[in-house]
Structures are given as structure tokens and as C-alpha cells.
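**Q** Residue numbers (the numbering used here), protein chains in the order written: chain D, 193 to 619; chain B, -13 to 154.
Possibly wrong hints are sitting among the right ones.
Sample of chain D residues facing chain B (criterion: CB under 10 angstroms; computed from the structure) [claimed, not checked]:
| hint | residue |
| --- | --- |
| 1 | Arg419 |
| 2 | Asn421 |
| 3 | Lys505 |
| 4 | Asp506 |
| 5 | Glu548 |
Below, in silico cross-link-like pairs of lysine-lysine (PhoX-like), each with a Cα-Cα straight-line distance of 20 angstroms or less [to be verified]:
| hint | chain 1 | residue 1 | chain 2 | residue 2 |
| --- | --- | --- | --- | --- |
| 6 | D | Lys213 | D | Lys309 |
| 7 | D | Lys213 | D | Lys384 |
| 8 | D | Lys569 | D | Lys213 |
| 9 | B | Lys117 | B | Lys68 |
| 10 | D | Lys517 | D | Lys196 |
| 11 | D | Lys239 | D | Lys313 |
| 12 | D | Lys569 | D | Lys196 |
| 13 | B | Lys117 | D | Lys605 |
| 14 | B | Lys68 | B | Lys103 |
| 15 | B | Lys34 | D | Lys196 |
| 16 | D | Lys605 | B | Lys124 |
| 17 | D | Lys402 | B | Lys28 |
These aren't lab readings, by the way, just hints derived from the structure by calculation.
Fair warning: this is a prediction, and the values are worked out from it, not measured in the lab.
Each residue gets a CB set at the ideal place from its N, CA and C atoms; glycine is no exception.
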Amino acid sequence: MLRKEQNDLLTQTGPGTPMGKMFRLSWQPALLASELPENECPPVRVKLMSERLLAWRDTQGNYALTDEFCAHRGVSLWFGRNEENGLRCPYHGWKYDHTGQCIEVPSEPTESGFCKKIKLKSYPLVERGGVLWTYMGPPEMQPPLPEWEFAVVPADRSFTSKRLQESNWLQAMEGGIDSSHVSFLHSGELNKDPLFKGSKGNQYNMGDMKPVFEVVESPGGLYIGARRNAEHGHYYWRVTQYVLPAFTMIPPRADHPVHGHFWVPIDDENCWAWSFDYKVTRPLSEHELTAMHEGKGIHNEYVPGTFRPRQNKDNDYLIDRAAQKRGDTFSGVYGIAMQDASLQESMGPVVDRTKENLVSTDNGIIMARHRLLRALKAMEKGEIPPGIAREHQQCRSAAVVLPPDQPFKEAAKEALVVQAGKEHATV
Amino acid sequence: MQSESARMSSAAEARYRIDAPNSQPRAVKVIALDAPSERVVKMLAERKWSRATFFTASAFGDAPKAGESFAGWLSDLAGRTKNLVEEVDAADLVVMVAAAGESAQAASIIGEACSLKRVMTTGLILGGADKSDEALSKTLSHLRPWALMLVVASAEEYVEDMLRALRA
Ligand code: FES
Ligand SMILES: [Fe+2]
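Excised from the complex, chain D in its bound form (with noise of 0.2 angstroms):
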């Protein structure tokens, strides 16, 4: 549990909390890049941390994430005209460039200057492996940019995906490093689903399925390495990553593509499940390109024309209280993505945590709110959150068979970072 002023700090990301400070240091994923195909695009509105802001690209392709509403009488600019290098208000014709600052005021003579007077909040927005990425942070704290091992593959290597997701980001956060629950939820789904299927450690994961977990605290977050029993006495281990604040990442499948996620508050009571798969060595295969478009894996389908999931709360997310009960699925709904996300929003919006009562396999659960908590009493002292060093962000999960007696985060040392070229440590 936590203490309702604990749980109020970690959920509350607006502009001026504590929360909202970590998350802003760093650079977060704010949209695809495929949200702004060509230049001149229709601009998207983008809401991130609470705040309303909207993303544009000019008539140069120089991306911009400013403000959503017109400094003059308020009205939102995704109705503007994109034009000549800049987004001009429909309602008085005011213009701004992409970094926000108002070129033209015409009910004003040009010669009073008035227009250089007027300029919209405006953040970076820089493309990496497909996704536009912000930072919202002081301009003289911004860090290099993101190092995400996902993000600096050629393109062909990886795929990224986004959904809706209608709960604060720390429950949908949590659920990616709630290893405890893969054994139950997403049992149905190990041995069908064409992301996840066929591969050795499945049988590990489903012979045995009271892993021991050990929670590790690394640099830029934790470990979680759960341990189940191999052959020979050898320990098959499934080590996950999460890096403050919100990153996580799964221990790879057989020679599967490699995915993770970033949980990114939209406001308190909504948050952006990024997603993200690839590989080191080679293309993404037609096969498996397929099959994460159509939703399988981690991603899932949509509402057409949105980024909110076909399986949402509005139809009880298609659950099928027949399958529950054959065992198809685990809950009656399908899709790993949904499973996980029909859950956490059955929580409420920012779930009660004085209410729960965890036991100690939610360890890793517990040493994540600790860290977080840690990171924001260090922060208020000047300190740097984990998660931003470029060491923090290259790292890997692992799945790795071992003897009995190796620490894992010792002997699976290498395996736990980027080694260039070289694809992850896999079973």
C-alpha cells in the first residue's frame, strides 16, 4: 500500500508537480512520426502531462509542438490554415512559425512590430525510429537525445505502435513490471500467439509456473529477474528492465522480436501505452510486421481513425465469458495488450493504493514506487532522475538459462546492455 499523499505524488504529472518535473527532464515519445506524414500536414492535437498542446510540421518539414490555443482570442489552432511556413488562426488570421512566435498580426500595421510581442509555449519535437519525441523540461537542463536501443535501429528493425490507454500511467506502468501475473493473465496466449509462440522458455514459463523472483537495483532503475527451474538444476531466467520513469522492457522470446513499452500521462486519468518490438541483426520479417499491424503481440487494433483500442470499456472490451470459461483466455479477453489494459482500467482512473494489499512477490512493484520516491527527494536537492544518462537508457532484458549459484545480474552482466551488432541473450 501506500499512503494517500505517496499515492497523490506519483500519479500527479501537471505542470508544477513533482512528478510532472521527473517526467519533463527527460525526453518523452509524444507521437508518431506517421501522425505527421508530409509537410504542411493537418496539425494533431497532442496532450501531454496535461497540458494541451498541438503538432505541426511547416512548410520547410521543421517540426513544431506549441501550444494549442491562439494567443489572441483563444480559439484552438487545429482548426488553422498550415501555409507558408507557419499555422495561421482561422478566426483573425494571426500566424505563428514553428517555434511558436507569432509573425503576423494583421489587424495591425506591420511597421508597430506588435507581432514580434506575441509567442505561444512551444518544446522541441525531434523525429528517432519513427516516433517524435519532446522535451518539456528547462531549456538549459535539456539532455542529449534519447539513446533507446529500439530507436537507433535502422528503420526496417523495429515497430512502434500506441494506444489509448483510459487510467493514470502508474497502473499501466506497474502492470509492466507485474511479473507475477504473465502465468495467469496471459497464460492462453504463450503458445498461440505468433509473437510469443514456439519458443523454450515458454515451457519453462508454463511447467513451473511459482517463479522465484529477485529484484535487483540497477543504475537507472531495477532488475526483475524471475527465476524458474531448467534442466540439469540450471535456473532459466527471465530478466525485465524498468528505468525510471516509465520505461519497461520484457525478456525476448526464442529469436522473437524484442519488445517493451513507455507509459506516458496524457493527464492524471489517461496515459499513452507506447510499444515498441524489434530486432538488432535483422529486418522485421513481412510475417511479423503483419501480424503486429494486425494488432497481435503487445499491440493491438484500433476505433479506425484513432489510436483508442477496438476492445475498449464502451463494449465491456468484447469480453467472452465463454472462452473464460474453456480456457481459451485466461479472462475471456483477447489479446495480451487488452488483457493487461481491460485490468488496469477496471481500476478506476488513479486506483485507491491505501486499499491494496500486496504480498512480497510485489517487490518489484514496491522497489519501483521506492525508487521513484527516492529519485523525487534527490531531484528537489538538484539531483539528476535515473533514466536520463545514456548509460541508463542502453540497456536490454535478457532470458538466459544459468547455474545455480551465478547472481544474474553478474553473470548475465553483458547481456543486460547494448552490445552493438549483437542481438539479445535469448531462450
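Mind docking chain B with the ligands on chain D? Use the hints.
**A** Positioned in the frame of chain D, the structure of chain B with the ligands alone reads:
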């Protein structure tokens, strides 16, 4: 019409989650395995807890010497001998605290008692970040066979955070 899930997962409906307690206090026994962790455990023992109690096994080795009884393999923080098996029997969770680099040898005897009584065990290793991997693996190798959940933490405060999170 709005679906059941849509209506019920709203903020407005969240207010109606009933406020009745949904659990009873758990008995957690926290046992220091060595002198450095005994210092941490002593500090914790002075704070207010629901049903956590604190012990030390730092003076004991990995097996009773001739004439020593297995039952007395534990002492409270004032140095009074306690019956290990009885204490374990009354526990919902046993937390063993060890400092990285220490031998944690009492873990086997405590672990054995827990496995006899089917009690959940958690091992906490403190100071893992500043110790060499070799020192850490020494502690790990004693704790791993007996801890169903193992945590390697860098900050002492983790012990308190974890116990509070578990409502101890
Ligand atoms: S069993 Fe974990 S939330 Fe119900
Ligand atoms: Fe899940």
C-alpha cells in the same frame, strides 16, 4: 447505452468503492542475519508497527553446535533467546535482512524452519551497490535457496518502505 465497464471505471463511480477493511493485520517477523543489519533492524524496531516484530540471528552460525538446540536459534533485540520454530509458526511472512558481503549463514536454519512450517520468506540484501560482485554472491548463495523472494537494495530505507507497503 453506456457499457457496464465504461460507467463503472469512471472517477465518479470510483468514489463508491466500499471502505470496509479487506484484510487483517499480517504477522511479519523481521530477522537480522548479521551485525550491520542488526543495527538497521534495531532502528526499525523503535518505530510503530501493526504486527511486525524484530529479531536477530547474527550471533548464530549455520548449524547448532553440540548441545545447542535448534529451537533457541534466535534472539530478540534485547538478547533474550527465542524459540525459532514457535516464532516462525506464528508468522505470515519472515523477512531475513542481510548486509551484502556478510555470510548470511543463519539463513539456512531459518529457511528450514520456514519451509517446515510452510511460511513465506523474503530475503533483503542491503548495500548491494557498493560491494563487489564476489562479496554479493557470497551473501546470495546463502540466501537464495531459502528466500522465495529476494531483493538487493542499495538504500537501508528500503526495509521500512517494503514493510509499510506490506502493511506490516
Ligand atoms: S489477484 Fe491480483 S488484482 Fe486480483
Ligand atoms: Fe501483461
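**Q** Against each hint, give a clear statement of whether it holds in the structure.
**A** We went through each hint and held it up to the structure:
1. Given the 10 angstroms rule on beta carbons, the hint for D:Arg419 holds: about 9 angstroms separates it from the nearest Cβ of chain B.
2. Among the interface hints, the one on D:Asn421 is violated; its C-beta lies about 13 angstroms from the nearest C-beta in chain B, farther than the 10 angstroms criterion.
3. Interface hint at D:Lys505: satisfied, since its Cβ lies 4 angstroms from the closest Cβ of chain B, which is below the 10 angstroms cut-off.
4. For D:Asp506, the interface hint holds, since its Cβ comes within 10 angstroms of a Cβ in chain B; the closest pair sits about 5 angstroms apart.
5. This hint holds: D:Glu548 has a C-beta 9 angstroms from the nearest C-beta of chain B, less than the 10 angstroms allowed.
6. Distance hint between D:Lys213 and D:Lys309 is unfulfilled; the C-alpha atoms sit about 28 angstroms from each other, more than 20 angstroms.
7. Distance restraint check for D:Lys213 and D:Lys384: the Cα-Cα separation of roughly 41 angstroms exceeds the 20 angstroms cut-off, and the hinted pair is therefore not satisfied.
8. Pair hint D:Lys569 plus D:Lys213 holds up; C-alpha atoms about 12 angstroms apart against a cutoff of 20 angstroms.
9. The hinted pair formed by B:Lys117 and B:Lys68 fails the criterion: a straight-line CA distance of about 32 angstroms is larger than 20 angstroms.
10. In summary, the hint linking D:Lys517 to D:Lys196 is not supported, as the alpha carbons are separated by about 38 angstroms, beyond the 20 angstroms threshold.
11. Between D:Lys239 and D:Lys313, the direct Cα distance comes to roughly 14 angstroms. Compliance with the 20 angstroms bound is thereby established for this hinted pair.
12. A C-alpha spacing of about 17 angstroms is found between D:Lys569 and D:Lys196, which places the hinted pair at or below 20 angstroms, so the restraint holds.
13. Simply put, B:Lys117 and D:Lys605 have alpha-carbon atoms about 16 angstroms apart, close enough for the 20 angstroms limit, and the pair holds.
14. Our distance criterion of 20 angstroms between C-alpha atoms is met by B:Lys68 and B:Lys103, whose separation comes to about 17 angstroms.
15. Our distance criterion of 20 angstroms between C-alpha atoms is met by B:Lys34 and D:Lys196, whose separation comes to about 18 angstroms.
16. Restraint check: the Cα-Cα separation between D:Lys605 and B:Lys124 comes to about 17 angstroms, which is no more than 20 angstroms; the hinted pair holds.
17. As the CA atoms of D:Lys402 and B:Lys28 are separated by approximately 33 angstroms, the hinted pair breaks the 20 angstroms bound.
When the structure is compared with the earlier hints, violations turn up for hints 2, 6, 7, 9, 10, 17 and for no others.
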